[in-house]
Amino acid sequence: MDIVYVLIGSGVLILIFLILWLRERRQARMEYIAYGLRSSEDNTDNTRTNVTAIEDGFNETISRLEDLGEVSQDEWGQWIWTESGKPVGKLINKK
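Here our numbering is used: the first residue of the sequence shown is 1, the next is one more, and so on.
Simulated from the structure, these hints should not be mistaken for laboratory data.
One thing to keep in mind: the hints can contain errors.
[Claimed, not checked] Lysine to aspartate or glutamate pairs mimicking EDC-like chemistry, simulated, CA-CA at most 16 Å apart:
1. K86 - E70
2. K86 - E66
3. K86 - D74
4. K90 - D74
5. K86 - E75
6. K90 - E70
With these hints in hand, go ahead and build the complete structure from the sequences.
The structure is reproduced here in structure tokens:
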């Protein structure tokens, strides 16, 4: 009869710990989702900042090259090298 009480008591303790563990996991999952959403917003802001910095750098460089007469815009508004007539984004093969 003593073994039955030990098994029932062990089962109750295991059930209590299981309920507490599941409750804690649920709370941790909600925190993970909340921090994950906040993190993704931060990444989006960082990405926007990085893209803005790249665009600003490109615009500044193009402005300097235009002032030096190295680049100009064609009739479609694309930037081309004045000397070769090739688009700025294309690599020039040197011979």
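Worksheet item: Regarding the pair K86 and D74, is the alpha-carbon distance no greater than 16 Å?
Response: Distance ~10 Å between K86 and D74 Cα, so the pair holds.
Worksheet entry | 16 Å limit on alpha-carbon distance, applied to hinted pair K86 and E75 | holds (13 Å)
Worksheet item: If you draw a straight line from the CA of K90 to the CA of D74, is it 16 Å or shorter?
Response: holds (15 Å)
Discussion item. K86 and E66 were given as a pair; does the straight-line alpha-carbon distance stay at or below 16 Å?
Written reply: Given pair K86, E66 holds - Cα atoms ~15 Å apart, limit 16 Å.
Discussion item. Hinted pair, alpha-carbon criterion (16 Å max): K86, E70. Please report holds or violated.
Written reply: With a Cα-Cα distance of about 12 Å, the restraint between K86 and E70 holds, given a limit of 16 Å.
Item to complete: Compare the distance between the alpha carbons of K90 and E70 with 16 Å, and conclude whether the hinted pair is satisfied.
Response: Distance ~15 Å between K90 and E70 Cα, so the pair holds.
In terms of the numbered hints stated before, the structure departs from none.
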